[in-house]
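Student: Listed here are the chains, written in short residue letters.
2 protein chains.
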Amino acid sequence: MRDEARRRELLEELDRGLPAGRIITDPAVVSGYAHDEAEWAPYGTPSAVVRPRTAEEARQIVRTCLRFRAPIVPRGAGTGLSGGANAVEDSVIVSTEAMTAIKEIDQRERLAVVEPGVVNDHLRAACAEHGLWYPPDPASAPWSTIGGNVATNAGGLCCVKYGVTRDYVLGLQFVTGTGELVRVGRRTAKGVAGYDLAGMMVGSEGTLGVITEVTVRLRPARQPEHTVAGYFDSIVDAGRAVASVAEAGLEPSALELIDRHCLEAVDAWKHMGLSTEANVVLLGRTDSAGPAGELEADAVLACFEKAGATFAVRSTDQQEADALFDARRLAYPALERLGPVLTEDVCVPKGAVPDMLARIEETALRHDTLIANIAHAGDGNLHPLLITQPGDDAAKKRAQAAFDDIIAAALELGGTVTGEHGVGLLKRNGLATEAGPAVLALNRAVKDALDPHGIFNPGKVIADGEGM
Amino acid sequence: MRDEARRRELLEELDRGLPAGRIITDPAVVSGYAHDEAEWAPYGTPSAVVRPRTAEEARQIVRTCLRFRAPIVPRGAGTGLSGGANAVEDSVIVSTEAMTAIKEIDQRERLAVVEPGVVNDHLRAACAEHGLWYPPDPASAPWSTIGGNVATNAGGLCCVKYGVTRDYVLGLQFVTGTGELVRVGRRTAKGVAGYDLAGMMVGSEGTLGVITEVTVRLRPARQPEHTVAGYFDSIVDAGRAVASVAEAGLEPSALELIDRHCLEAVDAWKHMGLSTEANVVLLGRTDSAGPAGELEADAVLACFEKAGATFAVRSTDQQEADALFDARRLAYPALERLGPVLTEDVCVPKGAVPDMLARIEETALRHDTLIANIAHAGDGNLHPLLITQPGDDAAKKRAQAAFDDIIAAALELGGTVTGEHGVGLLKRNGLATEAGPAVLALNRAVKDALDPHGIFNPGKVIADGEGM
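Residue numbers (my numbering), protein chains in the order written: chain A, 2 to 469; chain B, 2 to 469.
Only chain A is shown next, with the shape it has when bound in the complex:
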C-alpha cells in the first residue's frame, strides 16, 4: 500500500462501489480523522476516510479493502482515550458518523434499533420521549456514538448500579472479516442459540468487524435521583466511605470522587469555591422509587459521616445537586487548561480503592508528576489524570514512568489495566501483563478466527506478532 499507484487504484475502486461524496481524501480533513483523544498514542496517515451511509455500503468498503488487503480502522466519534481509533499507516478510516438513524424504539419490548453513528445523548433523548431509558452514560455522551460505545464497551456514571454497554447490547449487525454482512444476538429478552458473538463484538475495539446496526435493551424511565455530597480531608477517608457504602449493601446510582487537584482546577476556571471547603468530594446518588430512595440516600449520608466526612449533606435542591455533578463533569476540561491530560483508567476491587488512591499519590511524588483524580469510585474505576506541559520531554518521561507504575499497582491490588476505556494502543503492554501468555494466545486465536486476513484495526489491543 505504500505504492501511490496502488493507493490510487484502491480509492478508484472504493469510489466505483459507492455513491458520490462518501470518500474524503483532502489531507486537511483526513488529518482530523487520524487519531482519537488519547494523549501520546502514535498514529499514521490514512489513505482516505470513507463514510458509508448504509450497511450495504459498509460491506462494499470492506470487500474492496479485503481485495487490496488495505487495513481498515473503524471509527465512531473519535472520543476514545486509548488510541483505539488511531490511524494505521495507509489505512482506510471507516467512519460510521453518517449512519445516524434511530430505526426503531419499541416501548413494549424495551429495545431500540439504531445505526452506529447515533450520538449517545440523542438516543437517550429519543428514549425519554417513550418513557424509556438507555443507561450507559460515558462522560462523552454528548458526542460519542453508540457504535463507538459498543466497540469500547463504554461505561459511565450510572454503571455502578446499572452496568455497562455490554449489559445493554442485545444484537448487532456487522461486516465480518470475510466481507459478510451478518446479524448476531437477538431481539428477545433471553437467548442461548450459539456462542455469544454479540457479546464478543462489544469491547472488541474495531478489531473484529465494522458495526452497522445495534439493538439495545432499554429500561423504564428512571426515578428522580437523590444526591448526597460529602467533603473529606483525605483521599483515604473518602476511600473508606466508598468501601462503607458497599459494605452496607447499598446500591447508589452514582458514586463519584473528585480530588483536590480537580476541585482547584474547576475553581480556577469557574470560581465555584469548592476547593476552599474540601480536599476531596464524594458525590453519591440514589434512585430507588419513593421513600426507599430517600432512605437509601440517608444511609449513604450516614456512611460518609461514619468515614469521617468534614461535611456531608443530602441535597434537597436539584439545582445545587446538578451544580455538584457539573463540577464532576467540568473536572476534565478544567484540567486540560493546565496542559495535555493523559487519562488513566485502572479498575480495582472496591476495598482496594483507598490503597490505590494512596499509591497514586505516592507515584505522583516519586515521579514529580501532577496527577489529579476523578473516579467512578463506587466501581473502583479510577481515572488518574497525568498532566504535563507540551514540549517538556523530561516531564513526559517521568509521567510515562508514573503511568506504568499505576498500572503495576492496579494489577498488584487485583485490578485491571482498563475499566472502561479499552486497550487501544496505550494499554497493550498492560493487557499482555494482565492476561499472561496463555490468555493472550486465546485473544489472538479469536482475532485470527474472526478476522482471518487481519484487516480490521491491526496492531490494536494485541500488538502485531503478539499472542502467537
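If you are wondering where the hints come from, they were derived from the structure by calculation, not from laboratory data.
One or more hints might be untrue.
Repeated chains share a single entry, so a pair holds when one copy, or any two copies, can fit it.
Here are the simulated DSBU-like cross-link-like pairs (lysine-lysine), alpha carbons at most 35 angstroms apart as the crow flies [as the list claims (entries may be wrong)]:
no., residue 1, residue 2
1, Lys162, Lys271
2, Lys104, Lys162
3, Lys104, Lys307
4, Lys271, Lys397
5, Lys162, Lys307
6, Lys398, Lys271
7, Lys307, Lys271
With the hints as your guide, set chain B onto chain A.
Tutor: Here is chain B on its own, set in the frame of chain A:
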C-alpha cells in the same frame, strides 16, 4: 478409540496422572452419566467417567485425552434438557460434581468464587448467610451446579428482572483446548482488557473447555416479594396481560404462566383444585423496596384485570403465595406422571406471546399431540411440554413434527429456538436455521480457534462438518 487396547491404554494413563478413585469404569455407574434429562436426544457409551477434585487434576485429564485425541464431555449435574451433556461414543465424561468448594464469599466486593460442582441452591443459601443473593434460579436449582449453569447460561424465574447466568459471571478458570489452565474475566466491577472470553465461555455448553472455577457477581439480599395471581379463561387473555405489564413499564421479579394442562396435572397429583377455577394462571411477583413494591404489585394486578382476568388478587398470605408458586414448580413433575416429557424452550418478543401461545395450541391440534405450557411469560420464554406415551412410535413422530413446527413458528415471530436450555443436540437444526450459514461459520470459527483439536463435546451445538 474403538480399539479396546487403546481404550485400556488411555485409562491407564489417566489413572497414572490422578489420585486413586477418580476414574469410574463400572458400566452400571457409567451408564448413569451417559445422558442428561433431554428426551429423545441420542447418546453413546462413554469410555469412562472421571471426577477431578482440583483444577490441576482437570488439566491432567484434558492433557491425557488430548494425547489420545479422546473426546471429552464436560458434565455438571446432568439436569440439562437439550442433550448437551450426552455421551459421545468412546468419550471421557469429565464430571465436575466432586469440585464443591465455595472458596470465597466477599460481602464488600459482592462476589463469590466457587468450584463448578457447587449446587445452585447451596450457593444461594451460603450467600444468604452474608446478606447477599445470587439471582439465577433455574427450576433445577436444588440439583444443578454452577458449572452446568454457566455452561448453559441458565435462566430461571427471576431473570425477567435480574437477568441470566451470563449477567453474573465475572470470571472463570478453565482448561483450554490446548490443555492450559487459564483465568479469564476479572474480580473488579468493570473491565475491558481484551475480548470477553469469560462471556464467550458462558453458554458454550462444554464445547470450549472444562470450567474449573467461577467468580460470580452477587447482589444485596432481595426485599420480600409481593405476589399477584390472575386467573384467565383463555391463553390469549393471559398473553395480553403479559404484554400489558410490559407496556406499563413495570418490572415484575417473576411473571409465570401455567396453562390448563399443567393445572389439571398438578390437581390430579396434589388435589389443589386449581383447574376448576382457571384455564390459565398468571403469577406475578414484585420486589421493590417498601411501598413501591406494593404499588408495583397493585399495578400488575390492574394489568391482569384490564386484560380480562376472571379473578385476580394480590396475595397477602405468604403461605398462599408460596403454594401458587409451588404449583408452578410442580407442573413439570406432574406432567411427567403422564408420560415422558419433551421440553421446548423457544423465546419470542413479549408482544408475540399471545400469538405464539395460539400457534402452539393449533400445533397441538394439527399433530394430535398433548402440549402443555409453562412459561417465563414476562421474558417471552415459553416451555411447551410435549407428552407422548413410551413405545408409541406414531405419537412420537407426530410430536417431533409438532416440535419442529413450534421452532419454525418462534423464528417466524422474531424469536429464538432456545431461550435458556441451550442447543445441545436437540436444537442444532434450529440453530442452523436461526443463525444462517454466515453466522454458523462464525460459530464454527470460534470453536475451531479455541478447541483446535476438536476435543471438547464434539457434535454438540454445531454438528460435525457444519459451519465449515
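Student: Checking against the hints above, which ones are violated?
Tutor: Result: no hint breaks.
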